[in-house]
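Residue 103 in UniProt numbering is what sits at position 103 of the sequence shown, and the numbering runs on without skipping anything.
Certain hints may be false.
To be verified - Within a straight-line C-alpha distance of at most 27 Å, the following computed DSS-like cross-link-like pairs (lysine-lysine) qualify: (1) Lys122 with Lys86; (2) Lys112 with Lys122; (3) Lys112 with Lys86.
Hints listed in this document are in silico derivations from the structure and should not be mistaken for laboratory results.
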Amino acid sequence: MPSLAGESGTSLAGRRILVVEDEYFLADDMVRALATLGAEIVGPSDTAASALELVQSGLPIDGAVLDINLHGETSLAVASELRARKVPFVFATGYDQRGIPPEFADVPRWEKPFDPALLARKMPSLLDH
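Could you put together the complete structure from these sequences and hints?
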């Protein structure tokens with residue numbers, strides 16, 4: 001998976017971004033930040049089941065932001081489905097690298113708390129790799 005450490009892009013116009021986050025205010029902040037840059041938001045979803053349903057529905061998704069822990073369950077099945085569909089994603093989580101399974105060690109990880117606006121500005125570079 002590409003890194004979010006590179007130069008940030010400027011626009012997400014026309015890009016559909018899935019937001020999976022169980023903390024309402026953080027999800028709202030992420031949605032606003034992504035939408036400000038022109039992203040079309042898929043979700044937000046606060047459960048793995050509803051996120052997986054969105055991914056499997058056939059809706060076009062260009063990228064995703066996934067919280068790992070969703071009300072005590074994980075979003076790893078969503079991550080697996082996104083990877084199988086070659087959709088780039090980033091983990092936005094309170095977990096450190098040790099809390100992420102080895103098969104997802106290459107996925108960019110943003111440790112909470114973070115600035116949703118900064119994440120949104122870095123998202124275009126994630127999608128363009």
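Structure-based check of all given hints:
no.	hint	in the structure
1	Lys122 with Lys86	19 Å, holds
2	Lys112 with Lys122	16 Å, holds
3	Lys112 with Lys86	25 Å, holds
Of the hints listed earlier, there is not a single one the structure fails to meet.
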